[in-house]
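Engineer: The residues making up each chain are set out below.
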Amino acid sequence: MNAKQIHRFVERYLDATGCAILEKSPAHFKVKLSPAADRELTNRPYYWSFVDRTGVEPETMTLLLVTDPAKYDAMTTGVKAGGGGDGQAAQAGGSGPAADGRQAAQTGGSGPASQAVPPGARPEAQADGAGSPAGAPGAAEQAGMAALSRSFGFVPAGIGARVPRDDLYFGSRRLEQLFAAARRGGRFVCLFQQPDERALHPYDSLPCTPWLGVNVKVGFVCDMKREELHAFGVSLATGAVVEGFFDRLQGMKLPPRLPANVHVTGASLSLKKAADLIEQALMRKLKAYDYGWAAAANGRLKEELAQLAHYYEPLVESAGEGEKESIAAQYEARKEEIRWQLAPRVVAEVVNAGLFHLTGLA
Amino acid sequence: MHPIPRADRGAGGAGKSPHSSVEFVFDRSWVDELAERAARNGPWDDWTLFALAVEAERAKLVTSFDELQSLRCLPAFEPMPHQIATARKVLREMGGRAILADEVGLGKTIEAGLILKEYIVRGLVRRALILVPASLVLQWVRELNQKFGIPATAQKKAHTWHADFVVASIDTAKREPHRELILSRDYDMLIVDEAHKLKNRKTSNYQFIQQLRKKYCLLLTATPVQNDMDELFNLITLLKPGQLGGQSEFVANFVADKRLPKNEDRLQEALSAVMIRNRRSDGGIAFTKRIVRNIEVKLSPEEKALYDAVTGFVRERYDESGRDLASMLSLVTLQREVCSSRDAVFVTLFNLFKKTAEDSPMRAKIWELVEFIRRIRANSKAEKALELIRETGDKTIVFTEYRATQEYLLQFLKQHGIHAVPYRGGMNRGKKDWMMDLFRGRAQVLVATEAGGEGINLQFCHHMINFDLPWNPMRVEQRIGRVHRLGQTNDVKIYNLYTTGTIEEHIVRLLHEKINLFEMVVGELDDILERLEREEQPLEQRLARLVLEAKGDADIRRGIDALGRSINRLRADAKRTASAGGPEAALPVLSVVPDGPDAAAEGRP
Numbered sequence: 001m002n003a004k005q006i007h008r009f010v011e012r013y014l015d016a017t018g019c020a021i022l023e024k025s026p027a028h029f030k031v032k033l034s035p036a037a038d039r040e041l042t043n044r045p046y047y048w049s050f051v052d053r054t055g056v057e058p059e060t061m062t063l064l065l066v067t068d069p070a071k072y073d074a075m076t077t078g079v080k081a082g083g084g085g086d087g088q089a090a091q092a093g094g095s096g097p098a099a100d101g102r103q104a105a106q107t108g109g110s111g112p113a114s115q116a117v118p119p120g121a122r123p124e125a126q127a128d129g130a131g132s133p134a135g136a137p138g139a140a141e142q143a144g145m146a147a148l149s150r151s152f153g154f155v156p157a158g159i160g161a162r163v164p165r166d167d168l169y170f171g172s173r174r175l176e177q178l179f180a181a182a183r184r185g186g187r188f189v190c191l192f193q194q195p196d197e198r199a200l201h202p203y204d205s206l207p208c209t210p211w212l213g214v215n216v217k218v219g220f221v222c223d224m225k226r227e228e229l230h231a232f233g234v235s236l237a238t239g240a241v242v243e244g245f246f247d248r249l250q251g252m253k254l255p256p257r258l259p260a261n262v263h264v265t266g267a268s269l270s271l272k273k274a275a276d277l278i279e280q281a282l283m284r285k286l287k288a289y290d291y292g293w294a295a296a297a298n299g300r301l302k303e304e305l306a307q308l309a310h311y312y313e314p315l316v317e318s319a320g321e322g323e324k325e326s327i328a329a330q331y332e333a334r335k336e337e338i339r340w341q342l343a344p345r346v347v348a349e350v351v352n353a354g355l356f357h358l359t360g361l362a
Numbered sequence: 001m002h003p004i005p006r007a008d009r010g011a012g013g014a015g016k017s018p019h020s021s022v023e024f025v026f027d028r029s030w031v032d033e034l035a036e037r038a039a040r041n042g043p044w045d046d047w048t049l050f051a052l053a054v055e056a057e058r059a060k061l062v063t064s065f066d067e068l069q070s071l072r073c074l075p076a077f078e079p080m081p082h083q084i085a086t087a088r089k090v091l092r093e094m095g096g097r098a099i100l101a102d103e104v105g106l107g108k109t110i111e112a113g114l115i116l117k118e119y120i121v122r123g124l125v126r127r128a129l130i131l132v133p134a135s136l137v138l139q140w141v142r143e144l145n146q147k148f149g150i151p152a153t154a155q156k157k158a159h160t161w162h163a164d165f166v167v168a169s170i171d172t173a174k175r176e177p178h179r180e181l182i183l184s185r186d187y188d189m190l191i192v193d194e195a196h197k198l199k200n201r202k203t204s205n206y207q208f209i210q211q212l213r214k215k216y217c218l219l220l221t222a223t224p225v226q227n228d229m230d231e232l233f234n235l236i237t238l239l240k241p242g243q244l245g246g247q248s249e250f251v252a253n254f255v256a257d258k259r260l261p262k263n264e265d266r267l268q269e270a271l272s273a274v275m276i277r278n279r280r281s282d283g284g285i286a287f288t289k290r291i292v293r294n295i296e297v298k299l300s301p302e303e304k305a306l307y308d309a310v311t312g313f314v315r316e317r318y319d320e321s322g323r324d325l326a327s328m329l330s331l332v333t334l335q336r337e338v339c340s341s342r343d344a345v346f347v348t349l350f351n352l353f354k355k356t357a358e359d360s361p362m363r364a365k366i367w368e369l370v371e372f373i374r375r376i377r378a379n380s381k382a383e384k385a386l387e388l389i390r391e392t393g394d395k396t397i398v399f400t401e402y403r404a405t406q407e408y409l410l411q412f413l414k415q416h417g418i419h420a421v422p423y424r425g426g427m428n429r430g431k432k433d434w435m436m437d438l439f440r441g442r443a444q445v446l447v448a449t450e451a452g453g454e455g456i457n458l459q460f461c462h463h464m465i466n467f468d469l470p471w472n473p474m475r476v477e478q479r480i481g482r483v484h485r486l487g488q489t490n491d492v493k494i495y496n497l498y499t500t501g502t503i504e505e506h507i508v509r510l511l512h513e514k515i516n517l518f519e520m521v522v523g524e525l526d527d528i529l530e531r532l533e534r535e536e537q538p539l540e541q542r543l544a545r546l547v548l549e550a551k552g553d554a555d556i557r558r559g560i561d562a563l564g565r566s567i568n569r570l571r572a573d574a575k576r577t578a579s580a581g582g583p584e585a586a587l588p589v590l591s592v593v594p595d596g597p598d599a600a601a602e603g604r605p
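Here the protein sequences line up with chains A and B, keeping their order.
Under my numbering, think of the first position of the first sequence as 1, with each following residue one higher.
Under my numbering, think of the first position of the second sequence as 1, with each following residue one higher.
Since the hints were derived computationally from the structure, they do not count as laboratory data.
There may be inaccurate statements among the hints.
[Claimed, not checked] Here's a subset of chain B near chain A, in silico, CB distances under 8 angstroms, partners left out:
#1 Val22
#2 Glu33
#3 Val141
#4 Ala550
[Stated by the list, open to error] A short list of chain B residues far from chain A (calculated; beta carbon distances all over 10 angstroms):
#5 Pro75
#6 Leu91
#7 Phe353
#8 Pro422
No residue lacks a Cβ here, since even glycine has one placed at the ideal position from N, Cα and C.
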């Protein structure tokens with residue numbers, strides 16, 4: 001994923017979860033989270049259980065999500081040079097000038113704390129500082145952060161800062177978290193295709209057929225791993241199985257309620273049966289694959305087990321009564337580990353699934 | 001015992017398989033939930049999130065068995081080529097079980113982090129345990145978080161064991177109640193830093209590690225075998241039992257003598273399947289230069305008087321003791337301290353005074369020395385150091401051997417308006433980290449008594465002053481290693497202060513001119529010192545004897561020259577055998593280079 005794709009991803013997530021975007025540019029969002037997104041992203045289970053039990057109005061967090069750190073830094077530094085840093089941010093209605101001034105100070109470079117540092121040492125002092133790129137604020141706060149990071153080794157960006165900043169690059173924690181949140185929040189859907197308005201006769205009713213759509217991630221695993229993603233669709237009317245089903249849905253309007261002038265034809269297949277069909281289709285597909293990697297892994301497994309046997313069997317044999325048991329147990333443990341590590345397997349895991357009512361009688 | 005691939009078995013219809021060589025698992029847990037929601041007509045999830053979930057999975061997909069996936073996830077830094085090559089090799093050829101034995105300063109931590117990250121990205125590691133010396137816990141946590149975005153946690157309280165990526169000290173981990181908790185879990189990956197401490201199978205550390213259940217395992221050490229075949233066997237067995245055969249076979253096949261291998265080609269081969277050792281001399285690893293300057297300091301007449309008085313005092317005691325070196329070492333310290341600061345001498349003299357009986361004639365002599373101390377008004381060396389620090393105007397680390405000198409320097413620098421912070425072995429972890437933070441931040445100078453303390457990394461600083469020089473060259477090398485390591489982008493400037501007309505002058509000459517220590521490669525020095533020790537006494541003791549017995553300056557000079565010659569002879573030996581690959585090749589086990597010819601240990605760092 002490049003910065004642009006990440007930006008788009010984040011925007012759609014924020015939008016779908018009803019977050020209020022306070023400020024945005026092609027390089028960042030400043031966003032006040034919706035309660036749903038706050039529960040997913042801020043890791044505050046105690047706070048939320050407090051809210052749930054007492055029924056108080058929740059105070060959600062505001063985040064600064066930077067999708068293109070280089071561009072964002074250049075931008076904010078530029079703003080500061082123009083002398084309008086605080087003005088611009090305050091205008092955007094963020095969380096007040098204090099927080100924004102802090103950012104400008106950080107990117108601009110001279111916090112009060114770093115004045116005594118000789119020039120050559122400055123960049124490191126900043127980069128390595130308190131482990132918190134967002135909060136290079138007043139000396140007291142900085143000292144607090146430094147103390148925390150001394151105690152815990154690392155403090156995730158922005159704990160303690162009022163608007164924590166997160167750089168979202170591929171592989172970053174926050175983006176991983178967004179991925180996981182999307183997966184948790186988008187497991188099962190039930191949708192209806194909105195037919196093209198113009199094609200409709202006012203008194204007609206269009207038939208539409210229920211489909212089961214399933215996205216399956218297939219992992220080929222030994223001590224290494226390769227993955228594929230497959231999107232199967234099964235017509236619950238006919239039992240026809242198609243691949244690439246997810247892509248077929250792109251570009252359709254898919255409201256969650258039955259549109260007017262549409263009726264759903266009956267399903268003749270149970271979901272269980274449909275799942276069987278998908279498994280069979282997947283199996284047929286997988287049969288055609290090359291399993292050289294698995295044979296090789298089995299070969300290695302055999303070798304390793306032989307090596308273990310060679311080492312442990314005489315050892316168990318010759319051990320005294322007291323030791324025998326513990327050595328045998330160790331041998332078993334080593335064998336289990338090796339199988340765990342090397343035994344080749346194909347694991348099909350369902351990412352999400354849904355019922356899609358699509359026009360037509362297929 | 002737990003059935004191990006728990007995660008993969010799970011709820012699902014295992015059934016037929018697409019191929020006889022693999023087990024097949026198809027997850028069906030979703031069918032019931034979907035049916036349930038359909039029956040109740042909801043609740044349904046959001047279509048956008050549904051689509052985003054698929055997009056996220058697509059983006060994360062591991063498309064190839066081979067290619068390193070983690071590289072695109074590391075915007076924070078770029079690993080060096082040899083680190084990437086190491087990670088690749090561990091993943092592809094070693095199946096995630098390896099001893100990483102790079103020389104100091106080549107970034108073993110980075111390699112381990114890279115391998116861990118790769119397995120995480122591939123979804124093969126969800127939970128890892130990282131066992132390191134207590135002093136390194138926070139540093140590991142920091143590196144994993146900052147460089148790799150791995151949410152590692154330092155083990156603090158019982159509940160932190162439940163985190164997915166825990167960094168803990170091995171000494172804590174092996175004790176109850178932690179021990180039981182750890183042993184009841186399966187770890188996808190185990191990393192042990194400073195693994196050479198696991199060379200004795202009788203120790204509780206060794207047995208603890210042996211009992212852990214893990215899938216992948218990395219052992220990190222810069223000194224894989226301290227020239228002992230048994231230890232080598234134990235370390236490898238911890239990782240892969242049977243790799244070198246059973247104990248008796250190993251002895252029969254590979255051991256000529258306790259410290260000497262045989263059938264080296266086969267041993268090398270067996271080792272290279274589990275061990276990777278990158279060396280500075282392999283090339284391709286760019287280090288900045290070391291620029292060494294020896295700075296002469298002239299003692300003031302008062303200081304010189306003290307020096308002579310102490311020298312006389314020490315010699316006298318030595319002769320009195322019947323030339324027994326062992327009992328003299330503390331007095332030799334006195335002789336060395338006098339080159340450092342009067343404060344250091346004073347502390348030692350004071351202690352000596354307290355120890356001697358009240359009616360001993362020694363007391364009067366000690367008192368005389370104290371009188372000499374009293375006459376000294378200024379420390380010429382400290383003034384020189386101040387001058388240097390002002391000249392560079394940059395971050396500088398000052399090393400001294402003595403606590404009293406350290407205190408004095410801190411105060412002295414403060415008086416002259418230079419912000420300096422201390423660092424010493426006795427500080428607890430938190431305080432050490434605090435001092436590091438201060439030095440990284442606003443302090444200009446770090447005055448340190450300890451260089452050992454594995455893992456103080458000071459790449460951001462490239463000026464180093466040896467206020468006094470240790471007599472053990474390894475300690476000098478360790479000092480330099482703090483600053484001159486991977487990630488150092490500037491040439492490192494090393495200033496050795498020495499006082500003329502004292503033993504220091506000779507030490508500097510020996511270390512710098514005779515054995516050219518400052519430009520030597522780490523592994524090489526290690527090897528030479530070990531040889532020296534095997535032949536005769538350790539270098540430190542030889543120096544002490546020389547100082548105590550020499551009749552005059554010329555005598556010392558001759559002694560030092562002889563010492564230098566014998567070190568250089570050993571060094572030449574080492575080179576010859578290393579390049580000839582003969583049986584005496586200083587245990588080339590130590591210098592396994594799986595990826596290339598065993599280059600002679602030469603070349604500038």
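Engineer: Holds or violated: is the Cβ of Phe353/B farther than 10 angstroms from all Cβ atoms of chain A?
Structural biologist: holds (40 angstroms)
Engineer: Minimum Cβ distance from Ala550/B to chain A below 8 angstroms?
Structural biologist: violated (44 angstroms)
Engineer: Do the numbers back the hint for Glu33/B, that is, is its least Cβ distance to chain A under 8 angstroms?
Structural biologist: Result: holds, 7 angstroms to nearest chain A Cβ.
Engineer: Was the hint right that Val141/B lines chain A, CB cutoff 8 angstroms?
Structural biologist: holds (3 angstroms)
Engineer: Does Leu91/B sit more than 10 angstroms from chain A, CB to CB?
Structural biologist: Given that some Cβ of chain A is not farther than 10 angstroms from that of Leu91/B, nearest at about 7 angstroms, it is violated.
Engineer: Taking 8 angstroms as the limit, does the beta-carbon of Val22/B come near enough to a beta-carbon in chain A?
Structural biologist: Holds - the Cβ of Val22/B comes within 8 angstroms of chain A, reaching about 5 angstroms at its closest.
Engineer: Confirm or reject: Pro75/B is not an interface residue toward chain A, with every Cβ-Cβ distance exceeding 10 angstroms.
Structural biologist: The claim is violated: Pro75/B sits with its nearest Cβ about 4 angstroms from chain A, within 10 angstroms.
Engineer: Verify this label for me: Pro422/B is non-interface relative to chain A, using a Cβ-Cβ cutoff of 10 angstroms.
Structural biologist: Consistent with the label, Pro422/B stays out of reach of chain A, its closest Cβ about 16 angstroms off (over 10 angstroms).
Consistency with the previously given hints fails for numbers 4, 5 and 6, ordered from lowest to highest.
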